[in-house]
Structures are given as C-alpha cells and as structure tokens.
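Following the hints, complete the assembly by docking chain B onto the known chain A.
Residues per chain are reported as follows:
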Amino acid sequence: MTEDENKNLGWPQDLLGIAQHRHQQTPQEILRIEADDLGTKTNGLLQGRVDVGAQGQYIVLDFFIVAPSLDDYEYRLLKARHKLLPQYPVEVILNSKDKRKATSPETLVVTLSDIFRAPSTLSVIGQLLDLIKNSGQTSSPQ
Amino acid sequence: MVNCLLWNISKNDVRIRIARLSARLDVDVFIFIEPPPLAAGIDLEAALNQGGNQQYHHVVAAGCTHVHVSSRLAVGEITASAADVRFAVYRLARPKQPQVLIAAAHLLAKWPPPNSPENQRSFAEDFSKFIRRVERKHKHTRTVVAGDLNMNPSDTGMVSADGLHAVPGRTVAAWPTRNVNGTHKGPLFFNPSFSLWGDMVKRPPGTTYFDVSIADCIFWSVFDQVLYRDAAAALVDDSSLKVIDSDGIADLCRPSGEPDKTVSGHLPVLFSLKV
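Taken in sequence, the protein lines are chains A and B.
Numbering-wise (numbering that gives the first Met the number 0), the first sequence opens with residue 0 and increments by one.
Numbering-wise (numbering that gives the first Met the number 0), the second sequence opens with residue 0 and increments by one.
Just so you know, nobody snuck in bad clues.
Below, a list of computed lysine-lysine pairs in the DSSO-like style, where the Cα atoms sit at most 27 Å apart:
1) B:Lys184 to A:Lys78
2) B:Lys109 to A:Lys100
3) B:Lys201 to B:Lys241
4) A:Lys100 to B:Lys128
5) B:Lys136 to A:Lys132
6) B:Lys10 to B:Lys260
7) A:Lys82 to B:Lys128
8) B:Lys95 to B:Lys273
9) A:Lys98 to A:Lys82
10) B:Lys184 to A:Lys82
Bear in mind the hints are in silico, worked out from the structure with no lab data behind them.
Just chain B, same shape as in the assembly:
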C-alpha cells in the first residue's frame, strides 16, 4: 500500500505540519501543490526527515514549479515522466506491481479575469491531452489524477468530454468512449471527489472555503480532487479517500470550521494505492 497526501500548501512554510502529518498518516508520497519557491530556502525533505530515520527525497520534475513530490519509497520507484510548468506526470513502479501514472496538477484559478469557466475548460482540455500523450508513451491507462484543479467536480472543465471527462458514476466512467453529437469521445475518469462534497457525515464540507458577497456563493468547494481511470480502479483504495483537518496535534481549520489560511487555504486529501 502506498499512502499519498495531496496538499496545496499555498507557498507557506508548513514544515512542522508536514512532519506531523507524515507521522500521523504514515504518508509515503507527498504531492505538494504551490510549493514555496526555491529562493525561500524552505527544505521540505529536511523537515520530513528531521528526528527520524525516514528517507524522503524530492522526485524532481524539471521545469514544473507548481508541483513538488516528496517520496520515501525507494529511489527510482517513483520518477517524473513528463511535465509542464503547472503539472507533472509521475510513474510509480513498485516491484512486482502494475505500474501506475500519477498526474499531479495545479490548474488555472477561477479568478481574477480574464480567467473564466471557458478558459478553465480549455486548460483542462490541454491537461487531458497531455495525460493521453503520456499514457500512449507508457502504453497503459492506469492513471490517477491528483491536484488542485481549481474547479468543483461538477464544473464544465471537469465533466466536459473535451475537458477531463470525469464523472461521478463508476459504470459510466468505465465506458471506453461515449457518443457526443455523433463523435466518439473518451476515455473517461471516475471522480470519487464528488463524495467529498458536503458534510452529511461529520467532516469538512470541502477542501477550500470562500465567503464572497455574490448571489451564487457556494462557500465550500472541492478544488483538491483525486480521479482515476477504470484501468486503475483495482489499484485505488476508495475507503482511504478523505479530507484531513488535523495534523494530529493541531487543527488545520479555524474554530469556525474553515481552513486556517495561516497554514493553507486548502485542506489536504489522503488516498492510498494498492501497489
């Protein structure tokens, strides 16, 4: 089992927090979005390795400044395969296990203008095509997407056949293609992150919180999402998917419930791969 923690750390210094999260959640692979710039001198791996015998190392994806992966798996078990400045695709290859691709991303923000839903969909289309290219390179589609996608699961860029094509039902997600106005579009992603939205059960209602004075403010969003192809379904432990609101010692949320922005405006998402 490989435990992965996705977290947009908003370029903040979260060294104490990630060391605690590592211990609390037994994290093998951290997927940091918006890491601090190198110039800030914040060494994430040093923080993770402090005081213990863990061997986290930075899995370098040259040129990608929006994603930073730290792994304590053996060197070479996870490597970068392809990247853009905002996203990177990593190959996870453990001994005697099927290879998995992890596409980590920080997609375009909803605001300020000129960003727009159409611009987000266009960017998601580009990311989707990038993933398909890497899948062809590795000749399989055992792909997991994990990122701050800056969209909610039902947004156009997430659902559109020309975007990430990610849907909430496994049966539909398993279709190889589907007919859209006479054209076959595919493949799809299953998006279990729909299930992270709302607090019908006791948990944070999302991963980010925005309170703005507009009529259609939804307050809680699930921008930080995990998706996967049907070919990877047997390799993802669905029961592991959860939003994390504490590092084990201190809360990541304010007393009123929303993410504590002095730590990060985003809450981490934990998921496990059965490899």
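Only chain A is shown next, with the shape it has when bound in the complex:
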C-alpha cells in the first residue's frame, strides 16, 4: 500500500487536528478511537482492537489489527504501557529496538500518527487487504 493509497483510506484520523480536544483523554481512550476508526475506514475489512492487561506496576495496552474474514487473524502492531497514575508518560513499544515516549495526550497522538503512517504499518495493512482480496471476501463480514 502506498502513502497515497493510505491517504485515500483516511486512516488514521486527522490526529493532529483533533489533538487539541484530547487533553483529558487517557492512552486507552485514544487507542480505542483509532481502533474503531480503522474498522470504519476499511468498511469492516480490517478492525482495530485494544486489549488491556497488566505487567508489574504497569497497565499494558496491546493494539491489534484484526482481519475478520481471515479467520480473525490478528497482528499486534504495538504495545503501550503506563503507570496506573499518572497515565502519562506512556511508552509506545513497536519492537525491542523501537520504543517511544509520549508525555501527554497531544504527543501520544503525534507518535501514533507517525506509527500508523510508517511504511512498515502500511505494508502490513496492504498485505492483509491483498490476502482478503485473494480469498474473495472483499465485503464486510458483519
């Protein structure tokens, strides 16, 4: 999937544009908005899901891209973790070598925007959409 194609997809939301309204939002709320938006923008072909867990003193949020028509195949795009209180800073973990820190809702949405638009993310989304297309299931399973 090219950057232009992703712009057509319209995901993620215009994070920077609405960041000003997010100063009270928790990391979990921000991730859930983007998860819901992925489903909307792909007409349900792909969905986002946020799982909440705990590891030691941290709340851990796993962000998955789910393909319902591929037998609910799920790819964990990122992990985010933060203390119970305060919830910022939040550490966003892409892999063992790529860990980013967001100190506020505003910087979190900028970080997510960078990740969602990264070539590696677009590649996964493109690969999943191709697999769905090849499987013949190009309409929403809902």
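Leaving out everything else, chain B in the frame of chain A:
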C-alpha cells in the same frame, strides 16, 4: 504424521540445504527463524519445490518478519492465527484430527546490552501471555512452541512462572497450576529440549556454540527449543525430537564439531506431530 523442522537460518541463503533437508527428512512444515528479508530475493518455496512435484507454499503471517513457515500440507491445513513482529501462532487443522497450535518465535537475544536475563524474562512473559490469548481464542491448549528462544532450557525466562513456565518433568508440566508465593500460576509447558543438551549420546551437544573468554562460558547452548502443553502430549512424537547436523549430503557443522556459520550458527531441530 506431520514432520516439522525448526531452523534459524540467520538470514542466510540456504536454498540448497533446505532442498536436501526436505528430501532427507521428509519435512512437511519448515519453521524458519530469521529468514532473509524479502529484498534479498531468496525464494525459499521455489528452492523447496525445485526439481520435484512438491507443493510447498508460504503460510503468511502478515507483519511477522522473524518467522517464515513453508508447508507442503494442503492449503488451509495450516494457517496463521495471530502474530507480532517476532512471533506467530499457527493453527494446524488436519482432517479428522485434533487441532494443534504451533507458536513459532524468535525471542530476544542475550546480548548486547541492554538485553539482560530480566529483559529476556519480561519478553518471555509477554510471549507467554500472547500464547494464552490465542489459546482462549481457539478454546484449547493443544499448543506446541517451536523457536529460537535465545535462552537455555534452565534460564529464568524459560522456567519462571511469569515466563514460559517450561519444566523438564512431564508430571509437573501436567499440573494445571502451581502455587507460587500464595498465587496460583499456570499453565505449564513440558520442555523436552532439556534432553537435547550435552553429548552423553553421540550427537551435537546443543544447537548453538559460542566460545567467549568469560569465566562461565558454557560453549554449547540449546536456544532452539520445542515445548508443549500437557494437552498436546499425545500428539507429539517424543522419539522424533533431534538436532540435525547434516543435510544428507554435506555436514551443517565444521570438522571441529560446531555449527558452520557460513550455513547458519544454529542447527535445525526436527520434531513430528501425530496428526
């Protein structure tokens, strides 16, 4: 019976070797760890299918770059269910056979810093929770783990109740949970890979070899391991588990015995599933 070969190929071009291994060991499913990047243009399936009528295909786990599975089972008998960049869980569903989950992984290396035993344990905890999530999704625990776990069987991340919780005894591994400081922790894995360590019988003493000038160098390690839940015990052929040191025509080790790093620094591990 489904013959599986786990092999960290260190991003090398091993096309000639895997074609020979396929023929020698009658491999149905290759679980490659650290496959070459796509940009390298090394087509593993083309190599496996060359000169014969085998039908290996890539079982795609979108987004997972550290694991590459090639299967000659019928399309759809093995599919990817969930993945992260470093590990993927596959569902093996053969006709009239119990479904099995195969969790293939390339866990964090021991070095360089900031990697540490505690960091490895933390990563193993994350992998363990990921497996539990997929088990809940499929409503069973017939799970086999196969991977370059970058730990020895007795390392903290392997044994810890908060890690993979993998132990060398079947009886203990069959406990649904165990009490750890007043908290019930479970389930466990049985780790037959303990039995691959050392050369009391004639075989390679491990799957990787490191000769470093430190006091506690153990030289041979078993980083490439196979574990399974008690629920999968009847579906794993224990007698099949072995480290492979030859492709049938040429050795995978140097004359001095350690893995030939021009092929791979890791030796493959063969195991069979009775499905």
